[in-house]
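> Sequence order for the protein chains is G and P. Residue numbering for the first sequence is 15 to 432, as defined by our numbering. Residue numbering for the second sequence is 11 to 470, as defined by our numbering.
Some hints here could point you the wrong way.
On the chain P side, residues computed to face chain G include the following (Cβ under 8 Å) [unchecked claim]:
1. 149
2. 205
3. 207
4. 233
5. 354
6. 416
Keep in mind that the hints were calculated from the coordinates and are not lab data. For each residue, glycine too, the CB sits at the ideal point set by N, CA and C.
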Amino acid sequence: MVPLATWIAWPNLPATGTPSPLFDGSSVYPATTLPFQPQSMGPAIEIPARISHVQIVDLDGDSHPEILACDALAHRLLSYKRSADGEWIEHQISSDMATPAHATVVDIDNDGDLDILVAILGNTFPDDSHVGRVLLLERNGDRYLRHVLLEGTRRIADIQAGDLDGDGDLDLAVAEFGYARGRVLWLENLGQRRFRDHQLLYAPGTINVPLADLDGDGDLDIIANVSQDDEEIWGFENTGGGRFKKRLLHKWLNFDIGGSGMITADLDKDGDTDLLVTVGDNLEYAYTYPQPYHGCFWFENTGEWSFTVHRISTLGGAHAASVTDLDGDGDNDVVLVSMFNAWHHDESASLVWLENDGHQQFTHWQIASEPTHLVTVATGDLDRDGRPDIVAGGWHVIPPFRRLGGVSTWLSGSGDRK
Amino acid sequence: MRRRRLILLTVLLGIDVVFFGWCILERTSRPAPPRPPAEGIVDSETARDFQRLWVLAENPGPADMLALGQAYAVYGFFPEADQCLERAIALRPEAAANWFWSGLVLNRLGQTARSTERLLEAARLDPDRVDECRYIAARNHLRDDSLAKAEDEVRQIGPDHLAGQYLLAYLMVHTDRSAEAMPILDRLIARFAQVHRLYQLRARAEELLGDDEAARRDRETAERVPESIATDAVADHLGEKSYEFGLERRIVAAGRLNTPGNLDALANELTTILSISYRPRIARLLASIELRRGRSDAAVTLLKQLIRRDGATSDTLIELGLAMDAAEQDLTQVLLVFQQALQYQLDPEICRLMSPFVKDSAANVDRLEALQKHAEGLQAFRENRLDQAVTLFEAAAPVAHQRQAESNFFLGECLWHLDRREAALEAYRRCLELRPHHGRAADRIGYVDQIEQVDRKGEG
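Isolated chain P, as found in the complex (with noise of 0.2 Å):
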């Protein structure tokens, strides 16, 4: 009886070996997750965060081998997401992120083919995916220059994806197919009438179909309406991801700190940041903060510590001149660095900045105030706030300042497109006794002549 048991548990012993043995073998079989050759590349705070997600991803739970996948995706190390992805995909079939993810990842690395059918099997998991995941597919297409395909795709597309429907207007137009393209960009545009790329490819589809004068205009409505299309919605994604991991996760959370009473705190973190690696838009941020601490000097010697590195801007020159003026510096060398600024961009704060140092000559002041009301007169004008405009170019106009022609062009500019057409010609003639050879006020000038003589015609 004794016999028999031991030779069933020994039985039992030997197939639980046998078993187990088999799944561990399997287990240890598993290929472990990519490491990409990190070292050298990234920053020591975001080698340390993908150690961690690959130690996560080494026994990966449903979600570490995608979060893995994102992280190296988003710094760039693409063939190491896509082995990760292909992963997160056998390990949870039924999830969209990870085949959309994957879409994603492909298409960056150029395999449009295979990209397009894991951005299709991400939309029929995930409804919600289904416009943002055909546009890209659709762009992939194109990739391959396979135009039927690509507009088969967009066709599929809601009328609600902005992205999407230009798209479509973009290839009937460039395919010689303008007339059916109008529709469309009307539809589009009286939706989002703020969107320069509908007015430029409108124009487009116009002079395409022989109406130059309704092209002329949308041309001319592109130049004073703001807004843009989100086109590059892979870009788009993987910015987006990128503060989820490594040093911009941390640049995120350093973000938090910025209250009143935590400047310290978040000073110091910035400035270890900085030291991990060197980012500009961190050492700005620094340096703000070191001037609402008081300590300006600081201030100063990041701000021209990231004209080195990154290269002058009229922004950093603007911030570089405010530090050096609290710091309490040579007033003479503030006010170049402010000279300097407007030289880079015409901008009504630094004209702003500079009048304290221009008030001992009457004339220098108000050519510095024509200046500034000038260049908020084109910041009105871009906007399409033409009344505004209008009255800052007219204070602007008559002062003899630098840019005096431009703002005679540009109240006329303003004052044409209020129909105040008289009053416009009589700027553009303005313009061009002060600068003979400004080719638009001429230009305008003589279109106006030439609708006059049109108009005589007409009469006649």
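Okay, chain G solo, but in the shape it has when bound (with noise of 0.2 Å):
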């Protein structure tokens, strides 16, 4: 009987064990004691939007900030600019533009306003086709025209201005994303909004293209994060006369690194420019998973070309970096995004700041776990208090489809600060 018993019970016999921990490779860190105002801008948000890029910058001229975001999903070009009642009122510069990767803003015709650069990526997935433009909106009164200084080319990803031949005028880099094949690019301007495009470099997957004087001698140099087939920075040396000397700054051999993201920045107020990367993208995935390998370096230049390589960060899927002195001790402070953290918990990092204790040793402090799939950052005095507030925007291609957000803003308060 009892042999019998068991055997039919057995497959019905409830598992009671207590099972081992699981694995979490999940950034989480204490949450910030600096108070923050997070805000949604524009409609609440029912399809997963698409944010490439936000910037804070004054584009009217009348000392009141404006939210810059390149909306990818639906092709257009949105500023937000607060009214006097706090509220942010979304305002479309323009639209149809195949996938805006990147705006930058300059006065381009030196005729005293902004005009907006668009780098037109032409195409969110993967694609080795021409589909990729340097589109130049010119500001002419309340209006902008559009022009086409670039076509013919593969996913455009950024695109920066400077005087990089010391003729006076301004020249463009131009990272050529690609897919498998792709270029650093730097554009010659001719006047009468033509430019000459010169190859610098040819591979595929160049994300940012900042300007500075990495080396102190009064010109700009060009500087490309190259995110593809190969995990490389490399430095474009202004030698004057607009010829530049390539020189490979950095590469990594793990090529699963995910290169996402670079800046320029005086990170220890050395007086010279360091870079900021960060390393996170785990696009090839249908679903992801942080990365012990993720975060974000600091490339301290040392002088004549030579940097020394910090890691200061570990947040998993960190895909965009901003400098400012966020806790107001005289020191800069790093704020980081995620796109990839581990999403499917909810405390989950996708906003952190890195607090700077003066000598470049930073603390991790978490201001927000929602909206998640963060790509883009950007840090300014928004609301015209005297501290610095952040912007992000989201970019959710990849599940979970949940906590979605487009442009998000955290306005800092008046609590506890140094």
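Using the supplied hints, reconstruct the complex from the two chains, each of which is provided in its own coordinate frame.
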């Protein structure tokens, strides 16, 4: 009887044992004590947004900064302006732009108002065809006139403007990301909105091409963050007269590292330009997970085109950085966003700041865990209270599609500041 | 006698109770399979499949725990998948698949050392997996910045494994051993002549070796060969397996209904799938089915919703234009949609579709035809069909269309690569007449001048 009863009951016997703990690779940090007031721009999000770039800029020169955002889903460029009663008013600057990746605000024609250069990706998803463009929105009174400065290129991810050949007008550095093939270009300004393209590097996957005087010789150099077949940081030393010397500044042999962004900043305030590089892109996977090698590196400029690389964060899925003195103690702190943290866990960080102890040793503080999938961040004084605020953009193409956000702000409050 | 029997029976019964009681306790003390926090993250169909697999895995047969682990893995629940696969290994350590999938999941969790250990065990158990396991193990080592271990691993990969051989050459080129990499790359290019990454890597090696001319030639070839190398092995495995579970499995099953007699049933099933979870590719497929069923208004609605939810692409806009045309909507609006598609991507198909709309002007017809030839020429160029590309660009280049300068430039490129240098130079010059700031055309002419100067010096 007993064996029979056991045999009958066997398949239905419940499992009551204690499982071993699950692995947890999510990046979670102590909550910040700095007060922030989170806010979402625009109407409530119903559809997963794709905000590719945000920045804080006084576009119309009225001393009230606006938020400028590239909406890669609806193919438009938006600005958000704060009204006197604190409401944000959305304004569409331009539409029908075939996936704008990045906007650069500059007076390209030297007529006293700010124009906008837009890097046109042409396609959100991998595409090696010639769908990219360099677009200029020329400010003309209250309107913007659209001009194509360069077409017949692969996907364009970034454009930066500066006088690269020393002739007094503004030239452009262009990141032709492409997919399997791509280039780094500089465009020589020939006047009358004509630009001649020069190839600096043949490599797919250039994300950013910031300009800075890296060697302190008084002219602008170009830096390129290449992240596709290779994971490399290149410098193009301006040797004058439109000539550049190519220098490989750093490479990672781990080509899974996922370079995701690069900015210039004098992080240690020693008078030269350093680089901040985020790594954490996982877009090749349908479902993602933060990796231990993700995070942020500080490339400390030690002169003569050499850099000492310091890891300052291991934030999983880190995608963009901004530098500001967030706690008002006189040194530079770092704000980071994550696109690929472990979003199944509600507490995983999407926005953190790294408190600088004054010696470039950083403590992580978590500001937000939602919205998730943040790819772009900027800091600036949005409400003109003398304290830096934060704006970030969400790019939701990878599940889970919850805790969605488009353009979001975190206005700094007046609480616990140093 | 009867008492002795009773005692014996009692003892036997006691042994039974103790033994089977111990068995039951052992059985119930096993931990339940993990359940991920799926609510609100996965759709109802996938959640049901998880539950079905979970029930099977609670009393696991040999493959049940593996299946549950795979299902969790392909939907991104890697920690839960890890736990399932640990148990799958404990239940059936002789099964290579258990070790292999555990290795994949640990790779996704960033647990590189454990992942490598599992993969190498899988390779030991299943000789067919050796190269692939070693390749992923090498990538694990690179993630740990262990270059020597990575190279050791790839050196054991067979010569037929393209990604492995490419990685070996890549590591050499990037560690100042380009000369060592060159024979490997030459051999690979001889065998896989249509893979552009091989030319790009060889160009890098040549540049490092100081042979800029060879590097330039290889980069130009890389522009004209279409194939790539699959180097995301883990992503590929997860992607392939996803069709066996949850809503993805239902989508695959729906695909089998795609026969002429089954369009109504297929449309109903796709509508149901979309109501469970919005998938852009399903919306696109449903719109095409609705068009085939003569329900063009429904197709228009679906495509407009697709554009709102997933953004406009040239493909979607083409489909929308066709659906609007079939629904007999305002032709001006249809033309606008095609024009928008053309702005997003230069595609010969769009030019062809637009041609009925521009018949009122002969000049417009010529311009559109030239643009179509230009687009077809670009396709031929990218696939290294240079003779065809020349014919197409020759037809496009004389016509004043919006890409006329580019037509002349690419005509020059084709002729250049066909060694028709003089004709190529003419085409580059015509490009520069039309667009004086065309950098690549100017560079090419400058390059030719440079070569000629060198030749003259040589002759002198």
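> Which of the listed hints are not met by the structure?
Failing hint: just 2.
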